[in-house]
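Chains A and B supply the protein sequences, listed in that same order.
Anchor point for the first sequence: position 165 equals 165 in our numbering, and the numbering is continuous, going up by one each time.
Anchor point for the second sequence: position 250 equals 250 in our numbering, and the numbering is continuous, going up by one each time.
It cannot be assumed that every hint is accurate.
[Claimed, not checked] With a cut-off of at most 30 Å between alpha-carbon atoms, the simulated DSS-like pairs for lysine-lysine come out as follows: (1) A:Lys-146 with A:Lys-189; (2) A:Lys-142 with B:Lys-189; (3) B:Lys-201 with A:Lys-189; (4) A:Lys-222 with B:Lys-6; (5) A:Lys-142 with A:Lys-222; (6) B:Lys-418 with B:Lys-225; (7) B:Lys-142 with A:Lys-189; (8) A:Lys-418 with B:Lys-6; (9) A:Lys-313 with B:Lys-222; (10) B:Lys-222 with A:Lys-225; (11) A:Lys-142 with B:Lys-225; (12) A:Lys-120 with A:Lys-146; (13) B:Lys-313 with A:Lys-146; (14) A:Lys-6 with B:Lys-201; (15) B:Lys-6 with A:Lys-189; (16) A:Lys-189 with B:Lys-225; (17) B:Lys-120 with B:Lys-6; (18) A:Lys-222 with A:Lys-6; (19) B:Lys-222 with A:Lys-6.
What the hints contain is simulated information worked out from the structure, not anything from laboratory work.
Number of protein chains: 2
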Amino acid sequence: MLHLDKQFFQILHEQIEAGLDRDLLAQLVDFRAADIAEVIENLRVEDAHYLYRLLENELKADVLIALDEENRHELLSGMTAGEIAEEVLENLDSDDAADIMSELPESKAEEVIQMLEDNKQASDIRDLLNYEEGTAGAMMAKELVKVQAEWTVNRAIREIRRQAEELEQVYTIYVVDPEGRLTGRLSLKHLLLNAESTRTKINEIQETADIITIQVHESSEKATKLMERYDLVALPVVNHEHELIGRITIDDAVDAMIEDAERDYQLASGISEDVESRDSVWTLTRARLPWLLIGLVGGIGGAYVIGAFDIQKNAEMALFIPLIAAMGGNVGVQSAAIVVQGLASSNMGTQNMLSRLSKELGVGIINGLICGLLILASSLLLGFGTSLSITVSLSLICVIIFAALFGTFVPLMLNRYKIDPALATGPFITTVNDIIGLMIYFAVGTLIVGMI
Amino acid sequence: MLHLDKQFFQILHEQIEAGLDRDLLAQLVDFRAADIAEVIENLRVEDAHYLYRLLENELKADVLIALDEENRHELLSGMTAGEIAEEVLENLDSDDAADIMSELPESKAEEVIQMLEDNKQASDIRDLLNYEEGTAGAMMAKELVKVQAEWTVNRAIREIRRQAEELEQVYTIYVVDPEGRLTGRLSLKHLLLNAESTRTKINEIQETADIITIQVHESSEKATKLMERYDLVALPVVNHEHELIGRITIDDAVDAMIEDAERDYQLASGISEDVESRDSVWTLTRARLPWLLIGLVGGIGGAYVIGAFDIQKNAEMALFIPLIAAMGGNVGVQSAAIVVQGLASSNMGTQNMLSRLSKELGVGIINGLICGLLILASSLLLGFGTSLSITVSLSLICVIIFAALFGTFVPLMLNRYKIDPALATGPFITTVNDIIGLMIYFAVGTLIVGMI
Numbered sequence: 001m002l003h004l005d006k007q008f009f010q011i012l013h014e015q016i017e018a019g020l021d022r023d024l025l026a027q028l029v030d031f032r033a034a035d036i037a038e039v040i041e042n043l044r045v046e047d048a049h050y051l052y053r054l055l056e057n058e059l060k061a062d063v064l065i066a067l068d069e070e071n072r073h074e075l076l077s078g079m080t081a082g083e084i085a086e087e088v089l090e091n092l093d094s095d096d097a098a099d100i101m102s103e104l105p106e107s108k109a110e111e112v113i114q115m116l117e118d119n120k121q122a123s124d125i126r127d128l129l130n131y132e133e134g135t136a137g138a139m140m141a142k143e144l145v146k147v148q149a150e151w152t153v154n155r156a157i158r159e160i161r162r163q164a165e166e167l168e169q170v171y172t173i174y175v176v177d178p179e180g181r182l183t184g185r186l187s188l189k190h191l192l193l194n195a196e197s198t199r200t201k202i203n204e205i206q207e208t209a210d211i212i213t214i215q216v217h218e219s220s221e222k223a224t225k226l227m228e229r230y231d232l233v234a235l236p237v238v239n240h241e242h243e244l245i246g247r248i249t250i251d252d253a254v255d256a257m258i259e260d261a262e263r264d265y266q267l268a269s270g271i272s273e274d275v276e277s278r279d280s281v282w283t284l285t286r287a288r289l290p291w292l293l294i295g296l297v298g299g300i301g302g303a304y305v306i307g308a309f310d311i312q313k314n315a316e317m318a319l320f321i322p323l324i325a326a327m328g329g330n331v332g333v334q335s336a337a338i339v340v341q342g343l344a345s346s347n348m349g350t351q352n353m354l355s356r357l358s359k360e361l362g363v364g365i366i367n368g369l370i371c372g373l374l375i376l377a378s379s380l381l382l383g384f385g386t387s388l389s390i391t392v393s394l395s396l397i398c399v400i401i402f403a404a405l406f407g408t409f410v411p412l413m414l415n416r417y418k419i420d421p422a423l424a425t426g427p428f429i430t431t432v433n434d435i436i437g438l439m440i441y442f443a444v445g446t447l448i449v450g451m452i
Numbered sequence: 001m002l003h004l005d006k007q008f009f010q011i012l013h014e015q016i017e018a019g020l021d022r023d024l025l026a027q028l029v030d031f032r033a034a035d036i037a038e039v040i041e042n043l044r045v046e047d048a049h050y051l052y053r054l055l056e057n058e059l060k061a062d063v064l065i066a067l068d069e070e071n072r073h074e075l076l077s078g079m080t081a082g083e084i085a086e087e088v089l090e091n092l093d094s095d096d097a098a099d100i101m102s103e104l105p106e107s108k109a110e111e112v113i114q115m116l117e118d119n120k121q122a123s124d125i126r127d128l129l130n131y132e133e134g135t136a137g138a139m140m141a142k143e144l145v146k147v148q149a150e151w152t153v154n155r156a157i158r159e160i161r162r163q164a165e166e167l168e169q170v171y172t173i174y175v176v177d178p179e180g181r182l183t184g185r186l187s188l189k190h191l192l193l194n195a196e197s198t199r200t201k202i203n204e205i206q207e208t209a210d211i212i213t214i215q216v217h218e219s220s221e222k223a224t225k226l227m228e229r230y231d232l233v234a235l236p237v238v239n240h241e242h243e244l245i246g247r248i249t250i251d252d253a254v255d256a257m258i259e260d261a262e263r264d265y266q267l268a269s270g271i272s273e274d275v276e277s278r279d280s281v282w283t284l285t286r287a288r289l290p291w292l293l294i295g296l297v298g299g300i301g302g303a304y305v306i307g308a309f310d311i312q313k314n315a316e317m318a319l320f321i322p323l324i325a326a327m328g329g330n331v332g333v334q335s336a337a338i339v340v341q342g343l344a345s346s347n348m349g350t351q352n353m354l355s356r357l358s359k360e361l362g363v364g365i366i367n368g369l370i371c372g373l374l375i376l377a378s379s380l381l382l383g384f385g386t387s388l389s390i391t392v393s394l395s396l397i398c399v400i401i402f403a404a405l406f407g408t409f410v411p412l413m414l415n416r417y418k419i420d421p422a423l424a425t426g427p428f429i430t431t432v433n434d435i436i437g438l439m440i441y442f443a444v445g446t447l448i449v450g451m452i
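Can you make the complete structure from the sequences, with help from the hints?
This is how it looks when you write it as structure tokens:
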């Protein structure tokens, strides 16, 4: 990969300042779109605009797609509708073009689409913009190669040549009936193996078994999962009449998978927006503040729980507050994370809530007993006294069991009501477990102190 | 996707008990390898063995690859070396075959390889087993389609047909010179577009620019990143002499990406092994115990920190222990997660440690001030008293700033010494931040109490 160091950017900046366009481009000659995007993301705004203007149109389009949303928005806002239509959209597949249009203000997007010379492209983009975000329709591209089942291999090859010229990558050739309904599939390999018998009909060599499709209104998440599960490089999208209307390709599916994984990870770490380490201090602050505020409220709640107990009289109870709070939070996060991952990879299809909870009860009891006995032994050995040691040990067992069950229950419930279960891995679970853990601790403490 | 419910498994079990093989297979007729693997993972062991034996050899091989390691091991242990060679390996690509061999005991693996009828396959597998785990070599398959640059299109098509018959999916045709060195690439689309001019030489139509390769000893992680970054469906692997020796395909790269993301996620959630929700109670317990034990030790450490302070005399200090501990842990995890993600997507190449830390200092100061002022105002309003409110507020600011810096510093240092930075998101950061947070809190408390 590239090593873009300070010196590289220093030279680039000087070349831009001096207007040494040829030297500038010579430096970037081996760079691919993703590389130039990374360069632009690390330039100051004016330099980014300058460099971008120097690129060839095809590269312009690819770089724009590879950029993060913020920088893309910045570059697009400096271009007229005509420039966007001619320099960018004409060089993009319909799905990427529609993505860019959806990021523009509606009036500007309409203006751009009207300026497209290719009417087919304009209507394709309009069509794609109509699908709701998060559906297979919004994720698919309209570009694909299709042949009719009753054509000969000869005619099919001629047609494929024509259609394929506009496509970057041909994965599969789809076979449709005269009404446009998907009936089969033809791999390029298959076609090549049969290319000599040019009079063979396509329907004699097409594969018809095992064609996995997705409905246009189904979720993009389902599309991604299908492609992952069955190792597909392209997934055909059909409508209610089973007409072939688009395809989803593996590169887009990969992007979606990575985005999902990053989102879950950030939620689990208490980050509320999609941020990167190079974002501004303010963006980073804003993304992290919500969890901290929930933590604050939880902390004040904790103060009230402790205040309700006569801590003055049993001050030694304070010693194990951090332990109880930390363990409740930890166990809750662990349990929630396992549920969230199970739901995401959908290998929980065969388990119902009750069986999940009873398993978690088992895990909680074992972990609780191990940790409880360990803390009992160590705190007795360390001389923290019998009643305190028993209190900590008993309450820790209860806290661990409760946190395990609660951490499992909440994401399952959220999922049942179609709320993102990953929300449960963040602030909510740890804060609630902190407070309930303290309640258990002090309740057990009062009981033990009362008894001994 | 499938809905495998209790009833489905009940019927399956009854059919297996009754030996109704035909009914059994009829139920599974639409199932693909990944689906049957899911079924097997949810059957009791004897039933799984029974069902597996009924499958056709090709399906057997694919199912085995789709299974999780535990179930695969179970099925393999019930097969003789001859069965594994004939029923499984003969139907697998070299990379999958090598993966399975690496999971067998060495003597059994050797026995299996000796029983292979295809000498080429045997030597391919032996070759792949020699590459260290985690390298591109260990991830690649030897199967690929290659042509010589000086061949005519005619001859190339003939050769491709021969080579392609053994391959499941042809992504790209590689062009090599007489010494086997990679010189270019030919897409099937390209070949199809030129198929009529059969006397054209391959070196006239091959693409030679922009061929991304990976060295066989480089890391598999780098291979995955290259494929993601440049939207590749196949990545050629070369040796030091630039000879083409294998290729990595997108389906394997996708599996690796998902595994990496899941690992990072589990580490961040305090889970130490790769577990799934359907694993046994004992496996789940074991995977979670390590973090809990670290938490226990941290909790005892916390008790000593509090014990060092005269909590009896200033019992109200106990009230905000949970708040301080929770906030330190939260901020630390947030900071570490952003670093880990940045390192994983390698968009931190242009930032050095100092600039990361100074940015984090900014984030810490802003978040610290906001949270500090909020807690000052609320605790004054709620009547917690001036000196306690000031103590909590001041120490919270310090804790947040410290935790942000520490959470950034640790994963960066781990990464510098080639240790997985994701380790820093789990137990270590939260526990250390808990304890240091408490130290700061009581130090500030002693100071304020002494002053007021």
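Problem - Pair hint outcome, B:Lys-6 versus A:Lys-189 [Cα-Cα no greater than 30 Å] - result: violated, 41 Å
Problem - Restraint check for B:Lys-120 with B:Lys-6, where alpha carbons must lie at most 30 Å apart - result: Not satisfied, since the Cα-Cα distance of roughly 45 Å exceeds 30 Å.
Exercise for the section: Quickly compare the C-alpha distance for A:Lys-142 and B:Lys-225 to 30 Å and report which way the hint goes. Expected result: holds, 27 Å
Problem - Given pair status - B:Lys-225, B:Lys-418, alpha carbons within 30 Å - result: Given pair B:Lys-418, B:Lys-225 holds - Cα atoms ~18 Å apart, limit 30 Å.
Practice task
Would you mind confirming whether the straight-line C-alpha gap from B:Lys-222 to A:Lys-6 stays at or under 30 Å?
Solution key: It holds: about 23 Å lies between the C-alpha atoms, which stays within 30 Å.
Handout entry: Holds or violated: A:Lys-222 to A:Lys-6, with C-alpha atoms at most 30 Å apart
Key = violated, 43 Å
Handout entry: Pair hint outcome, A:Lys-146 versus A:Lys-189 [Cα-Cα no greater than 30 Å]
Key = holds, 15 Å
Handout entry: Given hint B:Lys-6 paired with A:Lys-418 - CA-CA distance at most 30 Å
Key = It holds: about 23 Å lies between the C-alpha atoms, which stays within 30 Å.
Handout entry: Satisfaction of hint between A:Lys-225 and B:Lys-222, Cα-Cα up to 30 Å
Key = holds, 24 Å
Practice task
Compare the distance between the alpha carbons of A:Lys-222 and B:Lys-6 with 30 Å, and conclude whether the hinted pair is satisfied.
Solution key: Between A:Lys-222 and B:Lys-6 the Cα gap is close to 23 Å, so the pair holds against 30 Å.
Exercise for the section: For the pair supplied as a hint, A:Lys-313 and B:Lys-222, confirm whether the alpha-carbon distance does not exceed 30 Å. Expected result: violated, 60 Å
Exercise for the section: Sort out whether A:Lys-189 lies within 30 Å of B:Lys-142, counting only the CA atoms. Expected result: holds, 18 Å
Of the numbered hints stated above, those contradicted by the structure are hints 9, 13, 14, 15, 17, 18, listed in ascending order.
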